[in-house]
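Asker: Each chain, letter by letter, is given below.
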Amino acid sequence: MGRGNMERGPFLTLLFDPARVFRELADAERTRIRAIQRYLPLLLLLPPACAALGGIVFGWRLGASEPLYLGTAQAVIVSLLYLFALCFGFFSTVALARWMGVTYGAEGSYRVYVALFTVVCAPLAVASLAHLFPHVFFNVLVMIPAVIWSMALLYRGLPVVLHIPPERGMLMSSALVGWLLVAAVSLLGISAGLWTAGLGPAIRI
Amino acid sequence: MQRQNPEIYEDRVVVRLVQFSVLWAVLGMAAGVWVAAEFLWPTLDFGQFWLSFGRLRPLHTNAVIFGFGVSALMATGFYSVQRTSHVRLFLPGLAWFCCYAWQLVVLLGGLSLLAGWTSSKEYAELEWPFDIAIALIWVCFGIVFFGTIARRRIRPIYISNWFYGGLIIVIAMLHIVNSLALPVTLDKSYSLYAGAQDAIVQWWYGHNAVGFLLTGGFLGMLYYFLPKQADQPIWSYRLSVVAFWAFTYSYIWAGPHHLHYNAVPEWVQSTAMVMSLVLLAPSWATLINGVMTVSKAWAKLKRDPALKFIVLSLAFYGLATFEGPMMAIRSVNVVSHFTDWTIGHVHSGALGWNAMVTYGTFYFLVPRLVGAELHSTRLANLHFVLALAGTLLYILAMWASGVSQGLLWLSVDRLGELSFGFRDIMAGMRPYYGLRLVAGLLFWGGTLLMAYNLFMTLRGRRTVAVSPPPVAEPWRLERGAAGIATERARA
Numbered sequence: 001m002g003r004g005n006m007e008r009g010p011f012l013t014l015l016f017d018p019a020r021v022f023r024e025l026a027d028a029e030r031t032r033i034r035a036i037q038r039y040l041p042l043l044l045l046l047p048p049a050c051a052a053l054g055g056i057v058f059g060w061r062l063g064a065s066e067p068l069y070l071g072t073a074q075a076v077i078v079s080l081l082y083l084f085a086l087c088f089g090f091f092s093t094v095a096l097a098r099w100m101g102v103t104y105g106a107e108g109s110y111r112v113y114v115a116l117f118t119v120v121c122a123p124l125a126v127a128s129l130a131h132l133f134p135h136v137f138f139n140v141l142v143m144i145p146a147v148i149w150s151m152a153l154l155y156r157g158l159p160v161v162l163h164i165p166p167e168r169g170m171l172m173s174s175a176l177v178g179w180l181l182v183a184a185v186s187l188l189g190i191s192a193g194l195w196t197a198g199l200g201p202a203i204r205i
Numbered sequence: 001m002q003r004q005n006p007e008i009y010e011d012r013v014v015v016r017l018v019q020f021s022v023l024w025a026v027l028g029m030a031a032g033v034w035v036a037a038e039f040l041w042p043t044l045d046f047g048q049f050w051l052s053f054g055r056l057r058p059l060h061t062n063a064v065i066f067g068f069g070v071s072a073l074m075a076t077g078f079y080s081v082q083r084t085s086h087v088r089l090f091l092p093g094l095a096w097f098c099c100y101a102w103q104l105v106v107l108l109g110g111l112s113l114l115a116g117w118t119s120s121k122e123y124a125e126l127e128w129p130f131d132i133a134i135a136l137i138w139v140c141f142g143i144v145f146f147g148t149i150a151r152r153r154i155r156p157i158y159i160s161n162w163f164y165g166g167l168i169i170v171i172a173m174l175h176i177v178n179s180l181a182l183p184v185t186l187d188k189s190y191s192l193y194a195g196a197q198d199a200i201v202q203w204w205y206g207h208n209a210v211g212f213l214l215t216g217g218f219l220g221m222l223y224y225f226l227p228k229q230a231d232q233p234i235w236s237y238r239l240s241v242v243a244f245w246a247f248t249y250s251y252i253w254a255g256p257h258h259l260h261y262n263a264v265p266e267w268v269q270s271t272a273m274v275m276s277l278v279l280l281a282p283s284w285a286t287l288i289n290g291v292m293t294v295s296k297a298w299a300k301l302k303r304d305p306a307l308k309f310i311v312l313s314l315a316f317y318g319l320a321t322f323e324g325p326m327m328a329i330r331s332v333n334v335v336s337h338f339t340d341w342t343i344g345h346v347h348s349g350a351l352g353w354n355a356m357v358t359y360g361t362f363y364f365l366v367p368r369l370v371g372a373e374l375h376s377t378r379l380a381n382l383h384f385v386l387a388l389a390g391t392l393l394y395i396l397a398m399w400a401s402g403v404s405q406g407l408l409w410l411s412v413d414r415l416g417e418l419s420f421g422f423r424d425i426m427a428g429m430r431p432y433y434g435l436r437l438v439a440g441l442l443f444w445g446g447t448l449l450m451a452y453n454l455f456m457t458l459r460g461r462r463t464v465a466v467s468p469p470p471v472a473e474p475w476r477l478e479r480g481a482a483g484i485a486t487e488r489a490r491a
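Protein chains in written order, with this note's numbering: chain P, 1 to 205; chain X, 1 to 491.
Chain X on its own, in the form it takes in the complex:
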């Protein structure tokens, strides 16, 4: 006999995190557009240190990765873990703490970057007070997430939760190890590691932050929201589980491919290169799973603009996860490294994959959270065109400038001397930087449209109260006295 469940999902915190995520997307991408403009007009810093490239660039990356990306992952993680566990969030108050404390860290951390505080580690620029705060909030995030799973009423742990769980555990490990430092003042610390060891730890962190946050975390989002949007089960659940473990095993080795031809042992570089190539298999297993799942949902494309974003995000996910291993090959990397090709690669993933899958998810999620239709499907379709055009233009411009730079850096004359100076080469790249600025404006304009569309959808509406549905008997778990799920003895 099925029982009535009086619980209500804690979705208000999801709405608030989505709002913060969109806000950071607008602000972070604006910083990116400004930085792109400074490549054309360097005087746009108006002589102010805080507007210089060196300070705005980390603000851009931190705002989009940690503000936009992590807020979106927290929102979707909190939303999906409740639905897949059939239970309200564990310690909702702690979830609200995570929500606001995270925004405060991103805000104050961003201001500290503008003020010139920096550890000088890429994607880990924030100084030690913020590192400690991030670690504490992340542990709280983990307590809410894993606590919810521990209290679940359904026996299986759905695949999206494995990816979100991997995100929480691995990012905590990476962040804490890479941030170990000796503080000397409030705004300055020195890494516990020195020289090549510091570089290896930094890129172990840097690459796996890309891996477990920007890839693994967003795969968690995809594995929950794609089947929901497509109204289809995952094409192969078994493949998704195999892909998760293969992905987790192989990603962690790949970091030193950022240090090819540097003062680290060659076997370390070669191992990273080989493991980067191995990584293609689990990445594309997920790609195939996604493409095959969505292939059955074609009829929904007519009325659902969100699904278009997901479809294109899969194409760019395929591109980025192929391009990465290819660029990890040493003979390719020697041309591509230190060029705009790398910037193009990062943005094919960041714009084409991360942002598009998040936009598609938000267009799906927000109307359901408040029980209303999306304010404007036409605006969403226009956003799709702008996002696609912006991403393609960005990638093409950076491919052309990157390959040109790679060739010019390495060109030698008959005497074996370098043929071109750095400044001359960079001066020749101005037209591409103009194209990139246009691409950034297109993409940012689309994001503004989404922000307006979602604001109008949410405006004046309350979050819908949703209760967990009952779980069918073979899959049901009963809660023990301590609130921890125990497997019901099955006759």
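Next up, chain P with everything else stripped away, as it sits in the complex:
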């Protein structure tokens, strides 16, 4: 019956019954791993697509009286770079986690790691629908619960899927949170550097 649910609505299962998904991943069930991996391209595409659409139609609302608009070409370029950054962030996190896994005694194939992080990043990707209306504070309000949700999935799921004790999983998850915080702030820094270089909104230095 459980499997039936997974087949009927795997994406919702991913979001709302992660404990079962983690158990199945821990058993390395190939069909489950493939089912989850199918959603990875969608989850990676969703944030930049929503950001491009929102930026072109509504403009970036940063708290001032007028929104900042990007030209369509600029918005597409920025979104493509966003997609590239997300792909790099996702796969570098997988690679880093596998590298760390040796220290923490984790077990799991590359595919299991990819599936685990697909589940972990799913709430963030879904929350990025908020990019359709790029009012920054609105996005912050939506993304904060998503960040908490994703962190909870990481802390709960990682020890189950990678077959390590919960305490050891807490250490590995915290190390990954450190890495992800660095990745997030890197994204801000790279964005600022690109704006200064002339890509993005019109600013003068």
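Listed next, the stretches of chain X that the computed footprint assigns to chain P, with coverage defined by at least 3 CB atoms under 8 Å from CB atoms of chain P:
#1 304 to 315
#2 322 to 329
#3 333 to 347
Hints were generated in silico from the structure; no laboratory data involved.
From the three backbone atoms N, C-alpha and C, an ideal C-beta is built for every residue, glycine too.
We have chain P already, so just place chain X on it with the hints.
Answerer: What follows is chain X alone, placed relative to chain P:
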């Protein structure tokens, strides 16, 4: 043959410093929360000058850095230097003088800030009478610390002492040089430096105060208490020593990155930027050392709430020490400078690193000092959740408002004119300041829980008397006639 040692460690002064540190944490963070609320409701100053942002903000920074932070560093420094030297504190009376005199300076200095006395130098606002007092107390701190090391009974000087020693020497140098001034009245003096030179000296001080006090000093704390809590040796002692010297060499150059695009020579800015980037290597060497040390102590997490604080503090240490060099890059700094991004960066270090590593250390230290269990592990776990939530919320809110401000400050219209006014931009930031207030209240609430928990743990208990253990033969140092350690001639 091992001899009985009648000495007892001087730990009562450690307990008193911890108590003062917690008190300043509560008061200093309360001032921070009040200031955060004034961003939303400016009339909270009730028309009183002493409640205005300009006076409460330096009170907040001085109380948390010099009250909470330095008291914690003195406490942990005095505690660890005795254990790593296998000898009682040198001149315990002078240590007690440092303890009380420091609190008096922080108290009176704080009141002077509320009264409007200020040198107007950030993190060095206190006027010349306090500067002289600070220099004298700091020298006394150094005499106690280095005197203890000189009388040590063990040959190696453990790595934590190098960081504490670096803290004492460099902060003395920075404070004395930056505070040189011509006094004109009791409450007013003028800096000995002028214009751009004053700015360069100020940020040489300001950045290295962050470096050698908030980073180096707390690394001393980490290097002693992390292996103790984890019950594991440092993963790589050699890496810790290399990191110390690389850190000491590279940090001192980085100050002028606070002055990008200002009236200082461009080569000075570029040198500071490059050295800031170089700084990432020694900072992360310590991070790796810490993460690898704690990675073997996972079994202790189940019963030790203190270790959780240390684990998360390492994550935020990694973030802050990466974010700093990144923000020192000129093309990033032009967007981030003068925005809330800087405030967020400072607090990712101050809350996530400094406060969390101190909280973890206090939860470990206080029960051992009085030979009791922590009053409530549940409260400590709740504190951990509040501290983590508060820090994350603070950082996220300030990232969003900071980046928005950076873009809006610099936005131009088709005619090349600035698109938005300062007041309009600041008015748009109110929702983020609401989030920051919530974050501050969460973090402060957690600190209150810790204060209660530690108070109940200490209540009615005496400090445990601990004697230095004997030192094994290859490492033992004999004391000479003058009380100074001399290396025992080894056959």
